[in-house]
Amino acid sequence: MITVVLARVLGRQPIGWLQLTHNRTRLATALAGVAFANLLVFMQLGFFGALIGSIAIPYNGMNAEILIQSSDANTLQDGSPIPRNRMLQAAAQPGVASATAVYYGRLEWKQPDGTVRALDVVGIDPQALAFRSPEITAARGELALADRAIIDRRTRNVPAALFREIEAGHAYSIEANSHAITITGTFTLGGGFGADGYLVVSDQTFLRIFRNRSPGAPSYVLVRTLPGEAIPAVADRLRARLPDSDVAIRTIAEAVARDQAFQTTQKPAGIIFGFGTFIGALVGIVIVYQILATDVADHLKGYATFKAIGYPPRFFLGIILEEAVILGLLGFIPGLLASLGLYAIIASATGLPLEMTIGRAIAVLAGTIAMSMISGLIATRRLAQADPADLF
Amino acid sequence: MDIIDIAGLDHSYGQGETTLQVLFNITLCLGQGEFVVLMGASGSGKTTLLSLLGCLRAVQTGRVAVLGQDLNGADEAARIAIRRRVGFIFQAHNLHESLTARQNVLMGLDVHGRLPGSEAAAGRILDLLVLADRIDSVPATLSGGQKQRVAIARALVGNPEIIFADEPTAALDRDNSILVIALLRRLGSARGTTTLMVTHDPRIIDSADRILTMADGRITRDERRK
Ligand SMILES: Nc1ncnc2c1ncn2[C@@H]1O[C@H](COP(=O)(O)OP(=O)(O)OP(=O)(O)O)[C@@H](O)[C@H]1O
Ligand SMILES: [Mg+2]
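Protein sequences, first through last, are from chains S and Y. So the first sequence is numbered by the numbering used here: it starts at 1 and just counts up by one. So the second sequence is numbered by the numbering used here: it starts at 1 and just counts up by one.
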């Protein structure tokens, strides 16, 4: 059946297909190999996509159009504090509706079993609307009280029961840098590759947890523009008016892009995922090459005979490329299915936004076929050993 | 016009000190439709001569023309073009193990491009060689004689102008040998196919138009029977 269809498509007998299906064990090994390489690549791309996606999450939660960061900041975590005065200066510019200071710090949260969770602590002005989350907005009154906090319910490696308890009204106390903090509510954000989750507190509480931080030096300033204002124009105006020696002014989109570019090219995680994708492709090329080269070696007599009969070199190239495309296509399907399963398992276990996109699936399919064809082209070198002069 | 025209053909294997000359000054013409048998002791150069005439090996010295094409200095494309007009029957069957009998035979036709009647033509020639019931079998499930007959069908199906055969009946029993020879003879007279066959089979030698004998790389006898 498939033989007939392929014969139509190719305009000749589908010798590659017949060869591959003749040795079922080898075909199964080859497909498992291609599927494995696909799985490797999909995992790396999945983590890469999750990294990109999780970087954007806190930015997208900000109730702002423009972010004022330290000029040495690449991410939300690594910049120096900036003068609080920049907030007042920004608020005074035309086109700006409001500006609010945000304090950021990393906290180690000891668990009862002695292990530690990393929390990104965000200190906000309880009067201002720094974040879009309705849960954070609703908790502002509570946060205005001293030493109160709300926690991201997607925080990793914390028993889900704890969040249910908190949501049921049982406040939970933790020790934050030797300072007792009471968690009275939850909100939803989702962690990334850095911290396990987020804790939102008031700026006053923040300064009690991080005693080396000063009220005059927040981590960044969130700027809301007036409705109808062109955001880039307002950003340009701020750049012109604020001293560029200590702060960088970026639209949220620019800040996200910069953070993503930084973390994917300068940080180990991003580089590892990029390298892993490369290794996955290499594994695929080596496996497919091995299979095709063995297949050519096994059929040298047959190929020599076809040469004697008068088939030109491109005919043999065609057979090997036919095999390569078949291996790529058939191996991709189990590879994709296995990846979908693993994505679901990892996403539920880690809370990372691991998602299969159509674009990624198509790109990997195209890459797989290209990879197989490269292997096939390398394997054709073995064809030279098929010498019709040896046949008689 | 002579189908094969050779003058002063030499051939050596190896190079430098290990050079071994195996053909010496062969001069020979074969006409259309001739059924020629080539005999000679082992190592006398029969196979070497066949592989040169079949364009499977490059000509070194001497003048060789096959089907009107001069092989001296012919490029690979020209040699491929000649090979498509020639049928080879090797001592070993050399079938492709992943292809069925019919698919193997079709390989002899497809080289000229896929034609509508190909499948039927392949079936007909397998039928002539008494293989109708093994048409969809792969070589591993065929007997030695059956495989050899499939290989013969593959050589004949494309209506070659010349057939080069190297001991083609070695793997066949008496009845099958007679069948194959009769078929080759019939093609020769019906289509004017020229056949050059290495064999030691007395039955075939008896029915040949012409018998060439080689010894130590030279043609020592050229006997015309009819
Ligand atoms: N590929 C090769 N490389 C080197 N020497 C070769 C090669 N093929 C054949 N010879 C040598 O050339 C000589 C002629 O060999 P050839 O195969 O043409 O003889 P033949 O008449 O076909 O013998 P047989 O009846 O045994 O098949 C022999 O001495 C052989 O050893
Ligand atoms: Mg020989």
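One should not assume that every hint holds.
Part of the chain Y face toward chain S, derived, beta carbon under 8 Å [what the hints assert, rightly or not]:
| # | residue |
| --- | --- |
| 1 | F24 |
| 2 | F88 |
| 3 | H96 |
| 4 | M107 |
Note that these hints are calculated values from the structure, not bench results. Here the structure is a predicted model, which means the values were calculated and not measured. Don't be surprised by glycine CBs; every beta carbon is placed ideally from N, CA and C.
Hey, does the H96 of chain Y contact hint survive, CB to chain S under 8 Å?
holds, 4 Å
Please check whether M107 of chain Y passes as an interface residue: C-beta within 8 Å of a C-beta belonging to chain S.
Where the cut-off is 8 Å and the nearest Cβ of chain S is about 6 Å from M107 of chain Y, the hint holds.
Holds or violated: is the Cβ of F88 of chain Y closer than 8 Å to a Cβ in chain S?
F88 of chain Y check passes; min Cβ-Cβ to chain S is 5 Å, inside 8 Å.
Closer than 8 Å between Cβ atoms is the bar; does F24 of chain Y clear it against chain S? Give me holds or violated.
violated, 20 Å
Comparing the model with each earlier hint shows a violation of hint 1 alone; every other hint is respected.
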